[in-house]
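Residue numbers (the working numbering), protein chains in the order written: chain P, 1 to 634; chain D, 635 to 1112.
Just so you know, these hints were derived from the structure itself, not from any lab. Errors might be hidden in some of the hints.
Here are a few chain D residues that sit away from chain P, every Cβ distance over 12 Å (derived from the structure) [to be verified]:
#1 F640
#2 S644
#3 V695
#4 G710
#5 E832
#6 N836
#7 I844
#8 L889
#9 L1054
#10 I1102
Derived Cβ-Cβ restraints for the label pairs, each shown as a range [to be verified]:
#11 A1063/D <-> I578/P: 48 to 54 Å
#12 K820/D <-> R612/P: 40 to 46 Å
#13 F460/P <-> A678/D: 36 to 42 Å
#14 D924/D <-> T193/P: 57 to 63 Å
#15 I578/P <-> L922/D: 30 to 36 Å
#16 A1082/D <-> A220/P: 53 to 59 Å
On a predicted model such as this, the values are computed, not experimentally measured, just so you know. Beta carbons: idealized from backbone N, C-alpha and C, even for Gly.
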Amino acid sequence: MLDLLWLIPALPLAGFLVLLFAGEKLGKSGVAWVGAGSVGISALIAGLLKWTFLTSPPEGHHFTQALWTWLDVGAFKPEIALYLDPLSLVMTLVVTGVGFLIHLYSVGYMHDDEDYSRFFACMNLFVFAMLILVLADNLLLLYVGWEGVGLCSYLLIGFWYKDPANCKAAQKAFIVTRVGDTAMALGFFLLVTQLGTLQVQDLLERAATRWEPGSGMALATALLLLGGAVGKSGQLPLQTWLPDAMAGPTPVSALIHAATMVTAGVYLIARTYVIYTLAPAAMAAVAVVGALTLLIAGLAAFAQSDIKRVLAYSTISQIGYMFLALGVGAWSAAMFHFMTHAFFKALLFLAAGSVIYALHHEQNIFKMGGIRKQLPLTYRTFLIGASSLAAIPFITSGFYSKDAILYQAFTSEHGHFLLWLAGALGALMTSAYTFRMVFIAFFGEPKTHVHHKPGWVMNFPLLALAFLSTVGGFIELPHFMGHAQFFADFMAPSFAHAAGHAAEAHHGAGLEIGLMVVAMALGLGGIAAAYVLFLAKPEIIEEKMKSEGNRKLHAFLFSGLGFDKLYDTLFVNPYCWIARVNKRDIVDLGYSFLAAVGMLVHFLLGLTVTGRVRWYAAGIAAGCLILMSVMVFT
Amino acid sequence: MTEAQFVALSPLILVGLAALVVMLAASFKRSNGLALGLTLAGFAASLVSLAWAAKVAPVQVTPLILIDRLALFYLGLVFLTGAAVALLGHGYFEKRAGYRDEFYMLLLMATLGAGVLVATTHFAALFIGLELLTISLYALVGYTRTEPRSLEAGLKYLVLATVSTSFLLFGVALLYAELGTMEFGKMVDLIRQGGHRETLVNGAIALVGIGIGFKLALVPLHMWTPDVYEGAPAPVTAFVATVSKGAMTAVLLRLYLLVGGAIPDSVMTLLSVIAILSMFVGNLLALLQDNVKRILAYSSIAHLGYLLVAFIAGGNFAPEAVTYYLIAYMATSLGTFGMVSVISGREREAEELRDYAGLFWRRPFEAGVFAAMLMSLAGIPLTAGFIGKFYLLAAGVDMGAWVLLGSVVINSALGLFYYLRIVASMYAAETSAKPGAAAREVALLGSATLAALALCLIWLGVFPAGLITLIRSAVLGV
């Protein structure tokens, strides 16, 4: 059964190739079948593998499938191999499962687009690259997947390339993440040169035995990898690209910029967790990055008027929670939140997409209003997603995963009261901005007429994701609520090395209940505040907005706390200035010189090409003379 | 002759037989298709008989020829390439007036000569194989008699090849006079034992080197290359660039394996200088060239320089690295010159750079394949050319041959410039092709051959392990 593993990435790749070469000839339904079908079968196989892992797990709870050896030159012997363990299995399940639902949704959403087959080709290529990233057995393959998802992200953000703004957003995403990618590549080089292997598992083992805890090498590597992670995952200080990435079609935002690709950074840190346990300072850095990001993004989400941008900031903020969890050593809690987040954030984006679709590409929440009655199914599913995002107690999956993170942020040996406080404040903000969006967009008077209602291909994924967003949390319950830890137990083999470290500090149920009550109170308080401010008494806000200071504050929050402006002044403008001043590039002079020399030598050598046989024969004779004299006289 | 010897020799015999059959068939019925069919049948039969011969290998057939795994591997390579040239030639000569059957006959004879070269362990057989190959090539290069340039190229090749062969012959004579044998193995042993006049032997080796270096077109024996490549019909150019050089490389490899890497430092330095010069001269001359056939000719000079680097820096890797590089080079050269023959029109060949302007918009398939071939020549990842170059660099780093490595890197950049020049002009929007250069009809066989070659290149770039294993078993079997 496990031998089917290679099919999981191979099917989307096959789908991509078919669509690339024959997409135009297949017709729309053919494209839909190939595009969604390939990912669907992959998801089925992933489910089968999950079942195998649960019923008869392979030895050591991991499975390596070596497909072939790419090269075998001396010590350099990279294998094209896939590595499946609980961590990569969960990622694979989410990528293929949520990916399939989003593909299905796109069949309806993109139906009238003229570039239907290009869309599905890119989406399939993305799923393939993401699967390579998570299943890679060595750094080389992981890097291929990493760059592959970056490319697909670029292609899909700029999917509607006729609008220059979309192309700019795509370029921004590509360039900003490139900063992180460079750091990550350096980290990889360091790993390979220091530990002498490309294989991820070997690397971790060697790191654990050769590097002292707290050693400089471990710290440097961990920080460089963190650089890559913050780039891809839209964390501070490289978060600026993610809100702009919403320029792509909504299913793209759901799949790539919410559910899967942006969590690649989380995966990278979880995959290399051994290195982080060796570098406590780097772990603290991860936690602090997460805590700051979740607060900053939560603040920015308040001021947005575009429904997708609200969701984008909330994505940044939720990934901040995952980073926080990783930073305090709550590895499986981070992955648990990754999973529930993938469900409810995909759901929110798709439901928002249904609204946008129904209102003929209207994305401004202030122009929506009253959709509750016009699109009841969309409203209900959106509400389920929003509840999960806001972590409504007991009935939503988001509650359980967020609670696990907050609890460990407080109790773990890497945890800190301030980290917990950031998370708790974040919970308050999350529920407030989420329900601000719900109240403004779905309640009140209708402001825009509903053009067309989404059909079943778009509604079914919503229902499925709503179901998952609700029950997805019940596999991991707090200690005092029956202590069901199916998820953590399943993940444990992937983080075996850390088990000794994070010997669970046992606290009483009292502390756990206490922390939970505080978080619950904050979350519900946020909803209440949103109700008062945005539904019951909107005049309070209007009153406040009259003052100049508050308007400036709003503009500041709206711009995502001015990071774009900051980077413009710090990097972009000086760069452009240098480029302007240096129009006749000084650095280029060296290269121009080389080119000129090349040209000169080209013409000089050209003199030897006379076309005369006697000259050529003389050349042979001269060559012979030189050769003979060297051979005879030395 | 024992049965085993007969079996071992059967691949060569079958190719020779095919040449006779084609000649006879031409006297009854002149037909391009029939001749091609007979030629392909001959190649197919020899390829099948390789498997047969592999069962009895290694077999020494007279003191002249040794059929071992190395020989079998290279025979397969040479025959496959010959068959591809025949397929490309069919469409090319179909478009042109004049007799076509003799092309196949000459092609088979030349391939037979190359086959003798790769299996020889004796200077007498080396000379026979070389002459069989070269004399057939005189006629092939000047095959389109009505075109002055083709004739000119044939004559130039005749004069210069004769000059170089006489150097070789003189060197062999001196070696025989001093050592009393012409067998490679015995010669190497005698030279190792000493007790001979060293100056004479060294001079003789230099003379032999001139003959080999001429065929490989290494600097300073390269000057004939662009003129001959440009004047010869495109399929023949493909043959000169691949089979003729491949067979000579096999001879060199056999000598290298016999010497066992015990080459004096002075010779190594000399070879390094030749390799560096070949790379630079080839690439720099190609830089601003506007004739695609000449660009490819110069690029082949540079590629043989790279190949020499694999010999020098390869160490234990050398046989493997050389063979892999050679295969990548042969496949891409076949592809590029094949492309010139496939898209050439009736009146003249598509050899100017501007004949390729906007090719992508007229013939996307051919342009795509051509681009893939050029990428492989430039050594872009996921093509065979990349793996070949990677071998080179890995071997060089192992040996710490930094000067050579630096030259390879600089030359890769130089090469990229003119390869991309062709690619860029193919994807340019405007077309400024001179009339008469573009083929009106599509040569199905030629296009299919090119598609197969392109697939092969990408296959070898993504999945090189299979071929590497095969090469290892061939070169280690010696």
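To see whether the hints hold, each was checked on the structure:
| no. | hint | verdict |
| --- | --- | --- |
| 1 | F640 | 38 Å, holds |
| 2 | S644 | 34 Å, holds |
| 3 | V695 | 32 Å, holds |
| 4 | G710 | 22 Å, holds |
| 5 | E832 | 9 Å, violated |
| 6 | N836 | 4 Å, violated |
| 7 | I844 | 5 Å, violated |
| 8 | L889 | 15 Å, holds |
| 9 | L1054 | 14 Å, holds |
| 10 | I1102 | 6 Å, violated |
| 11 | A1063/D <-> I578/P: 48 to 54 Å | 33 Å, violated |
| 12 | K820/D <-> R612/P: 40 to 46 Å | 42 Å, holds |
| 13 | F460/P <-> A678/D: 36 to 42 Å | 56 Å, violated |
| 14 | D924/D <-> T193/P: 57 to 63 Å | 45 Å, violated |
| 15 | I578/P <-> L922/D: 30 to 36 Å | 32 Å, holds |
| 16 | A1082/D <-> A220/P: 53 to 59 Å | 54 Å, holds |
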